[in-house]
Amino acid sequence: MNKQLIPTLIASAVALASLPAAAATTVTIGTVNNGDMIRMQELAGEFERSHPDIKLDWVVLEENVLRQRLTTDIATSGGQFDVMTIGLYETGIWGKRGWLTPLENLPADYDVEDIFPSVRDGLSVDGKLYALPFYAESSMTYYRKDLFEQAGLTMPQQPTWEEMRDFAKALHKPDQEQYGICLRGKAGWGENMALVTTVANAFGARWFDEGWKPEFNGDAWNEAIAFYVDLLGNYGPPGASSNGFNENLALFNSGKCAMWVDATVAGSFVTDASQSKVTEQVGFALAPKQVTEKGAGWLWSWALAIPASSDAKEAAESFVTWATSKGYSQLVAEKSGIAAIPPGTRLSTYANEAYMAAAPFAQTTLESLEKADPNDATLKPAPYTGIQLAQIPEFQSIATQVGKLVSGALAGQMSVDQALKSAQSITEREMKRARYY
Amino acid sequence: MSMLTLKQSRRLQTVLIGGLAWLVALAIFFPIFWMILTSFKTEIDAFATPPQLFFTPTLENYVHIDARSDYFHFAWNSVVISFGSTLAGMLLAVPAAYSMAFFETKRTKSTLLWMLSTKMLPPVGVLVPIYLLFKDAGLLDTKTGLVIIYTLINLPIMVWMVYTYFKEIPKDILEAARLDGATPAQEIVRVLLPIGKGGLASTVLLSLILCWNEAFWSLNLTASSAAPLTAMVASYSSPEGLFWAKLSAVSTLACAPILIFGWLSQKQLVRGLSFGAVK
Chain P
11 MNKQLIPTLI ASAVALASLP AAAATTVTIG TVNNGDMIRM QELAGEFERS
61 HPDIKLDWVV LEENVLRQRL TTDIATSGGQ FDVMTIGLYE TGIWGKRGWL
111 TPLENLPADY DVEDIFPSVR DGLSVDGKLY ALPFYAESSM TYYRKDLFEQ
161 AGLTMPQQPT WEEMRDFAKA LHKPDQEQYG ICLRGKAGWG ENMALVTTVA
211 NAFGARWFDE GWKPEFNGDA WNEAIAFYVD LLGNYGPPGA SSNGFNENLA
261 LFNSGKCAMW VDATVAGSFV TDASQSKVTE QVGFALAPKQ VTEKGAGWLW
311 SWALAIPASS DAKEAAESFV TWATSKGYSQ LVAEKSGIAA IPPGTRLSTY
361 ANEAYMAAAP FAQTTLESLE KADPNDATLK PAPYTGIQLA QIPEFQSIAT
411 QVGKLVSGAL AGQMSVDQAL KSAQSITERE MKRARYY
Chain R
2 MSMLTLKQSR RLQTVLIGGL AWLVALAIFF PIFWMILTSF KTEIDAFATP
52 PQLFFTPTLE NYVHIDARSD YFHFAWNSVV ISFGSTLAGM LLAVPAAYSM
102 AFFETKRTKS TLLWMLSTKM LPPVGVLVPI YLLFKDAGLL DTKTGLVIIY
152 TLINLPIMVW MVYTYFKEIP KDILEAARLD GATPAQEIVR VLLPIGKGGL
202 ASTVLLSLIL CWNEAFWSLN LTASSAAPLT AMVASYSSPE GLFWAKLSAV
252 STLACAPILI FGWLSQKQLV RGLSFGAVK
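Protein chains in written order, with our numbering: chain P, 11 to 447; chain R, 2 to 280.
These are calculated hints, taken from the structure and not from any lab test.
Note that the structure is a prediction, hence the values are computed from the model and not measured.
We put the beta carbon where it would ideally sit given N, CA and C, even for glycine.
Heads up, none of these hints are tricks.
Covered stretches of chain P, as calculated for chain R (at least 3 residues, CB under 8 Å):
| # | region |
| --- | --- |
| 1 | 34-45 |
| 2 | 67-74 |
| 3 | 89-97 |
Generate coordinates for the entire structure from the input sequences, incorporating the hints supplied.
This is the structure we're talking about:
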C-alpha cells in the first residue's frame with residue numbers, strides 16, 4: 011500500500027508544481043535602484059494580477075554594474091533578460107546594431123504621440139522607436155528664494171553663467187557653511203561630464219566638428235572649463251571635485267547651497283519633506299545659457315527596451331507598454347500621490363492641472379524638456395546626436411578619461427590648459443583608433 | 002625611583018603588546034562597527050556631517066529590505082554555492098597537493114607557479130569567452146555554473162595552502178603506513194587528513210569566505226534564480242537618491258552568516274594559521 015502511495019504522491023506533486031510553471035511566461039527585468047524604479051517594482055503586483063499568465067522576475071543593480079551586465083548579455087545574445095532598463099545613450103547605439111526589438115504597432119490607447127517629441131527622438135534610430143521612456147530628465151537651476159530675497163537679488167527665468175557667478179559671489183559665506191553654488195565635480199561620463207558638456211555647449215563649444223575631430227584646443231572649450239573651474243573652485247563647497255549628484259543633493263537638502271544646477275528629477279527630492287530641510291524655500295529656473303541657449307540643459311531618459319535575444323517578446327511588450335502607459339501614471343497618483351508620477355515622459359502629465367498644482371517644479375521641468383533637442387544641441391553644427399553626450403560607442407570611454415582631467419583641473423592637480431591639451435590628444439587617439447579618420 | 006624588577010617589566014610588556022593588539026583589532030573592526038551603526042540610522046542621519054555617533058535608532062531600513070527582497074532566497078544561494086564549491090575544491094586540491102608534496106618531480110615547482118599565475122589575469126579579460134561558454138552549456142544563472150567557476154578560481158590558492166601544510170608532515174609517517182599495507186587512498190584518509198586537520202580547516206574556511214564575498218562573477222553570470230547575497234547588496238546602491246543607511250543594513254545582513262560561522266570556527270582557524278606559520 012505504502013510502496014505505491016509514495017510514488018503516486020510524488021508524481022501528483024510534480025504534476026501540480028509544473029502546472030502553473032508551464033502556463034506562465036517568465037519575464038526577467040533588469041533595472042536600476044532609483045526611486046521611480048523601486049516604485050514600479052512595488053506596483054508590478056497589479057500587472058501580475060491583471061496578467062495571470064505572466065510572472066515577473068527582477069534583477070536590480072547599481073547603474074554602472076547594470077550597464078556592464080546588460081552589455082555583456084546583449085553583445086553575446088545571452089538571452090538572460092526580457093526587459094532592460096537602459097538610457098538614451100545605449101538605446102541609440104544598440105538599436106542601430108539590431109540588438110533591440112523595434113517597438114512598432116503599439117496599441118492605439120498607448121498614445122505614442124503623447125510622449126515628449128525630444129524624448130521620442132532620443133530613443134529612436136532612423137524613425138524607429140527602440141525603447142519606451144519610463145522617466146526623462148533635463149537639467150535646471152535650483153536656488154534658495156529666501157537667500158536671494160535677503161541679498162536683494164532676482165533670479166531671471168534663464169540666467170547666464172556670468173550672472174550665476176555674480177550671484178554665487180554674493181551668496182558665498184563659507185564661515186556659515188553656506189556655499190554660493192554646488193555643481194558636479196566627481197569624474198565620470200555620467201557625472202561631471204554631463205554638467206560640463208552643457209556648460210561648454212552654452213559657451214559655444216562642441217565635442218566634435220563635422221569631420222569628427224575633437225575641439226578641446228579651441229577657444230570655446232578653454233573659456234568654458236576655465237569658467238567652470240573658477241566658479242566652482244572659488245564659490246563652491248570644499249572638496250567639490252568629489253561631489254556627484256548624491257553629494258550635492260545632500261548638501262542642498264541640508265541648506266548648504268545657495269544654487270545648484272542639476273537633473274530635473276531632483277525637483278521631487280528637494281521638495282520632499284522627509285529628506286529636505288529647504289522644501290519651502292526652493293525656486294526653479296532654466297539651466298544657465300551663455301553665448302547660446304542651445305544645449306544648455308541636458309536630456310536623459312531611463313527607458314525600457316526588449317533585447318532581440320529575448321524569448322518572451324510578447325509578454326515583455328505587454329509589460330513595457332503597461333509600465334510606461336497613462337494608466338500606470340494614474341496608478342502611481344492613486345497609490346503614492348500625484349507628484350510621484352514619473353516625470354518628463356508624457357505631455358498629458360503636464361496638461362493635468364492637479365499635477366501642475368501639486369508639483370512646484372513641474373512648469374520648469376516642462377520648459378526645460380521642451381527646449382532640449384538632442385539633434386540640435388550645439389552652436390556650430392555637430393555630427394552626433396545627444397546634448398551632454400555623443401551617441402557613439404567610443405564616447406563612454408573618452409568622456410570618462412576627459413572627466414578625470416577636468417576633475418583634476420578643478421582639484422588643482424593640473425592647469426586648465428594642461429587638462430584640455432591631454433583631453434585633445436586622448437580623444438584624437440581614440441577616434442583615430444576607431445577609424446573615424 | 003626604583004628600577005623595574007624583571008617581573009614588572011615582563012608585565013608591562015604584556016600590557017603594552019596587549020594594548021597594541023586591541024588597537025589594531027579595533028582599527029580593523031571599526032568599518033564593520035560603523036556599517037552596523039549606520040544600518041540603524043535614517044538616510045538623513047547617515048549622510049549628516051559631522052558623522053553622528055549618537056542618534057535615535059530605527060529599524061526602518063531592515064523593514065524596507067524585508068519588504069523588497071527575499072533575503073532567504075539570496076542567502077540560501079550563497080550557502081549552496083560557497084559550500085558546494087569548497088567541497089569540490091577540496092576534493093581536487095587534496096589529491097593534487099598530496100602528489101606534489103610527497104612525490105615531487107623536477108616540474109613540481111613550476112607547476113605550482115603556473116597554477117598561481119592564473120590568478121594574475123584580470124577576470125574581466127575572460128568575461129566574454131566564459132559568458133559564451135556558459136550560454137552554450139546552459140549554465141547562465143545556475144548555481145552549478147557558479148560552483149564550477151568558484152572552484153576553478155580558488156583551486157590554485159587551495160592547492161598551495163594544502164601543499165604547504167602537507168610539506169610539514171614527515172614522509173616517514175606515510176612510509177610507515179605504506180609498510181603496513183595502506184593504499185594511497187587510505188594514506189590520505191586515515192593518516193594525512195587527521196594530521197593535517199587544522200590546516201585543512203583553515204583552507205576550507207578561507208575558501209568559504211572567498212566564495213561568499215566574490216562579487217564579479219556572481220553579478221555577471223546570474224540574473225534572478227541563482228543570485229547570491231552579493232547581488233542583493235549590489236541592488237541597494239544607487240546613483241540617484243540617498244541610500245547609505247539601506248546599503249549598510251543590507252551589507253550587515255549579508256555578512257552576518259559568514260561572520261557567525263567564522264566566529265564559531267575561530268579555534269580551528271587560529272590553529273590552522275599558526276600551524277602553517279611554524280617552519
